[in-house]
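> Construct all of the structure, not just a fragment, from the sequences and the given hints.
There are 2 protein chains.
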Amino acid sequence: MNLKQLTSLIAVAENNFSISHAAEQLHMVQSAVSQQISRLEEEIGTQIFIRKGKRLSGLSPAGEEIVHYAYRAIANTNSILEIGRDQINQVEGKLRIGATHTQAQYILPPVIKAFSQEYPNIELQIHQGSPKQLVNKAIHDEVDLSICTEALGEHPDLVSISSYRWNRVLIARPDHPILNLSLITLEQLCKHPIVTYVYGFTGREVFSDAFKQALLKPKIVLSAADTDVIKTYVRNGMGIGIIASMAYKKQHDSDLVFRDLSHLFPWETTKIAYQKDKYLRIHQQRFIELFQLTVSDLKAVSKPLGYQ
Amino acid sequence: MNLKQLTSLIAVAENNFSISHAAEQLHMVQSAVSQQISRLEEEIGTQIFIRKGKRLSGLSPAGEEIVHYAYRAIANTNSILEIGRDQINQVEGKLRIGATHTQAQYILPPVIKAFSQEYPNIELQIHQGSPKQLVNKAIHDEVDLSICTEALGEHPDLVSISSYRWNRVLIARPDHPILNLSLITLEQLCKHPIVTYVYGFTGREVFSDAFKQALLKPKIVLSAADTDVIKTYVRNGMGIGIIASMAYKKQHDSDLVFRDLSHLFPWETTKIAYQKDKYLRIHQQRFIELFQLTVSDLKAVSKPLGYQ
DNA sequence: TCAGCTTACGGCTCACGTAACAATA
DNA sequence: TATTGTTACGTGAGCCGTAAGCTGA
Numbered sequence: 001m002n003l004k005q006l007t008s009l010i011a012v013a014e015n016n017f018s019i020s021h022a023a024e025q026l027h028m029v030q031s032a033v034s035q036q037i038s039r040l041e042e043e044i045g046t047q048i049f050i051r052k053g054k055r056l057s058g059l060s061p062a063g064e065e066i067v068h069y070a071y072r073a074i075a076n077t078n079s080i081l082e083i084g085r086d087q088i089n090q091v092e093g094k095l096r097i098g099a100t101h102t103q104a105q106y107i108l109p110p111v112i113k114a115f116s117q118e119y120p121n122i123e124l125q126i127h128q129g130s131p132k133q134l135v136n137k138a139i140h141d142e143v144d145l146s147i148c149t150e151a152l153g154e155h156p157d158l159v160s161i162s163s164y165r166w167n168r169v170l171i172a173r174p175d176h177p178i179l180n181l182s183l184i185t186l187e188q189l190c191k192h193p194i195v196t197y198v199y200g201f202t203g204r205e206v207f208s209d210a211f212k213q214a215l216l217k218p219k220i221v222l223s224a225a226d227t228d229v230i231k232t233y234v235r236n237g238m239g240i241g242i243i244a245s246m247a248y249k250k251q252h253d254s255d256l257v258f259r260d261l262s263h264l265f266p267w268e269t270t271k272i273a274y275q276k277d278k279y280l281r282i283h284q285q286r287f288i289e290l291f292q293l294t295v296s297d298l299k300a301v302s303k304p305l306g307y308q
Numbered sequence: 001m002n003l004k005q006l007t008s009l010i011a012v013a014e015n016n017f018s019i020s021h022a023a024e025q026l027h028m029v030q031s032a033v034s035q036q037i038s039r040l041e042e043e044i045g046t047q048i049f050i051r052k053g054k055r056l057s058g059l060s061p062a063g064e065e066i067v068h069y070a071y072r073a074i075a076n077t078n079s080i081l082e083i084g085r086d087q088i089n090q091v092e093g094k095l096r097i098g099a100t101h102t103q104a105q106y107i108l109p110p111v112i113k114a115f116s117q118e119y120p121n122i123e124l125q126i127h128q129g130s131p132k133q134l135v136n137k138a139i140h141d142e143v144d145l146s147i148c149t150e151a152l153g154e155h156p157d158l159v160s161i162s163s164y165r166w167n168r169v170l171i172a173r174p175d176h177p178i179l180n181l182s183l184i185t186l187e188q189l190c191k192h193p194i195v196t197y198v199y200g201f202t203g204r205e206v207f208s209d210a211f212k213q214a215l216l217k218p219k220i221v222l223s224a225a226d227t228d229v230i231k232t233y234v235r236n237g238m239g240i241g242i243i244a245s246m247a248y249k250k251q252h253d254s255d256l257v258f259r260d261l262s263h264l265f266p267w268e269t270t271k272i273a274y275q276k277d278k279y280l281r282i283h284q285q286r287f288i289e290l291f292q293l294t295v296s297d298l299k300a301v302s303k304p305l306g307y308q
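If you read the sequences in order, they're chains A and B. The opening position of the first sequence corresponds to residue 1 in UniProt numbering, with each subsequent residue numbered one higher. The opening position of the second sequence corresponds to residue 1 in UniProt numbering, with each subsequent residue numbered one higher.
A portion of the hints provided could be inaccurate.
One copy or two, either will do: identical chains are not told apart, so a pair holds if it fits within one copy or between any two.
Simulated pairs of lysine to any residue, SDA-like, Cα-Cα distance not exceeding 25 angstroms [claimed, not checked]:
#1 Lys-52 / Gly-237
#2 Lys-191 / Val-221
#3 Lys-276 / Glu-43
#4 Lys-276 / Val-221
#5 Lys-94 / Thr-46
#6 Lys-276 / Ser-162
#7 Lys-113 / Glu-289
#8 Lys-137 / Ala-104
#9 Lys-132 / Tyr-106
#10 Lys-137 / Ser-162
#11 Lys-54 / Glu-142
#12 Lys-54 / Ala-224
None of these hints come from the bench; they were simulated from the model.
This is the structure:
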């Protein structure tokens, strides 16, 4: 067995079981990839792929497991190369961050600024996606770090670090009647049309569960992955908005009034995660440090946590 | 980079940094291994080994980390091969168990018997060692599974499964005065010479801590790694013995009297552990099952636990 | 008939082994 | 001087690419 066989295997698995596409991605010809797969299957003594005629159509049960170990083997060899790069050159390289829109827009800017001042020659990439996509990106080494609230921390192939806690705030136009209440309750919230996040993003599951447990049904008139979209529709009078506390920015959102809702919903924890077999280069470790330092300044609306 | 370079690296690291010995182990000539290392260091761009003149004398700091990832990469590729073997042949193979003397002598026999009836063609090996050695054997894939009470469960590169709980019993010659007591206390134990386990084995640390916390100092006249040695010296009248409960066997130890001491010491948990990146073949998984089933029959003296 | 995988074959790279050399205890 | 590691070089295995063959949609 050798590493090229494993990278070929992964490429084919990632390209819908198309050897041609995998070959293209690897800058090789079809036949070479085909041979790698054949040799690998011959050595292992089992079919990794399910074939319909000559065409590949999926992974066999054993193949699924094999791909898993192949990913990890490759991750480990990549780690070795990264160690080398860390020794030679401590200031060049790249940093690929996976983040949801909320993180990228409301949390990352000061971190990124501090980081790029410290490492001006490091190429920074922000990859956006849903929490589930971010987990996959981290596992498949499409990003170095993923930052979000959901889905991380559960996957066995990721190391996750708790970063900061947050809860929700209500935003509304200044003339909205709900702002006259001295105490906002879940029942009160149900009386108004609500704009908030879609399922899968920024604590939506926990949000909806809180109503369900109280046997209430909120009127969600619109949901979006993106806090900015929510704000826009609140401004347009579609209803009240319920967003993550860190997404309300006084200087830009002064036309909207906010109210803390942390007495109504469980606290959420945002985490940073990376692949278990991954060696983090010095600047990547430093980014995590800077992130933790920066979010610890958000005390007003959230509590920072230490490493798990 | 390729896998042969990594196996060469590991072989050199495991052979006291001797390229010649590593080459011998790998059935290659010195120069070939030397070249592998050179090429690897060239690609990584760093010295992995510390050299005194031409001779290798140790690992550089980066080298230490590299070796760690190399082990894991190799473990993952081995796992892939094992998956293949599982597919082809479900009844042949081998099973290498690491265990302390106590486990091998008092717990394993019925498990081994059941296992070898089920898989008569599987070669069974029992590797004995201290808990620390067993951890290393598991990490370096010298055994498939390690079974003991100490040291497992802490190491980040091992998966550990809790198996059964046990405590200690006192053994003494029938004429020993301590047997006249209705309740044995730590103070009473301190009045007599004691024979028990050495540090590092079978709960000795926890045993000694119990006395220390009570500000007592037991008279340990002899300590051994091996319950049989302890019994021999108790029989010879050197003192009372304090051993693990599962090591007292009525049929063979009828010349000694035992007393339960579980009111005096914390309970211990024996665990099974294996390397994280290791794929366990079907028969190896089955061995764990058989082990768990067998120890759950030890209820009289211990409580079985589920998977962690 | 086309898209996609496999097989056959030639060329080239690269790794192993032999052997000479260098250096350390 | 014996042991151990490096360097030089020839040979052979193995991998890539070209090209032809095969197979199902």
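> If a hint holds in the structure, say so; if it doesn't, say that too.
Evaluation of the provided hints:
With identical chains, the CA atoms of Lys-52 and Gly-237 are never at most 25 angstroms apart, being 56 angstroms at best within one copy and 76 angstroms at best between copies. Taking identical chains as interchangeable, the C-alpha atoms of Lys-191 and Val-221 lie at most 25 angstroms apart only when both belong to the same chain, with a minimum of 12 angstroms there against 79 angstroms between chains. For the homomeric pair Lys-276 and Glu-43, the shortest alpha-carbon distance between copies (24 angstroms) is at most 25 angstroms, but the shortest distance inside one copy (28 angstroms) is not. Neither within a single protomer nor between protomers do Lys-276 and Val-221 lie at most 25 angstroms apart by alpha-carbon distance, with minima of 40 angstroms and 47 angstroms respectively.
In this assembly of identical chains, the alpha carbons of Lys-94 and Thr-46 lie at most 25 angstroms apart only when taken from different copies (20 angstroms versus 39 angstroms within one copy). For the homomeric pair Lys-276 and Ser-162, the shortest alpha-carbon distances inside one copy (15 angstroms) and between copies (23 angstroms) are both at most 25 angstroms. For the homomeric pair Lys-113 and Glu-289, the shortest alpha-carbon distance inside one copy (14 angstroms) is at most 25 angstroms, but the shortest distance between copies (54 angstroms) is not. Within a single copy, Lys-137 and Ala-104 get their C-alpha atoms as close as 16 angstroms, which meets the 25 angstroms cut-off; across copies the closest is 45 angstroms, which misses it.
Taking the shortest alpha-carbon separations for Lys-132 and Tyr-106, only the intra-copy value of 20 angstroms comes in at or below 25 angstroms, while the best inter-copy value is 48 angstroms. With identical chains, the CA atoms of Lys-137 and Ser-162 are at most 25 angstroms apart within one copy only, with a shortest distance of 19 angstroms there and 33 angstroms across copies. For a Cα distance limit of 25 angstroms, the shortest separation of Lys-54 from Glu-142 qualifies neither inside one copy, at 30 angstroms, nor across copies, at 41 angstroms. When the C-alpha separation of Lys-54 and Ala-224 is checked against a cutoff of 25 angstroms, the pair qualifies neither within a copy, at 44 angstroms, nor between copies, at 64 angstroms.
This entry does not satisfy hints 1, 4, 11 and 12, going by the numbered hints stated previously.
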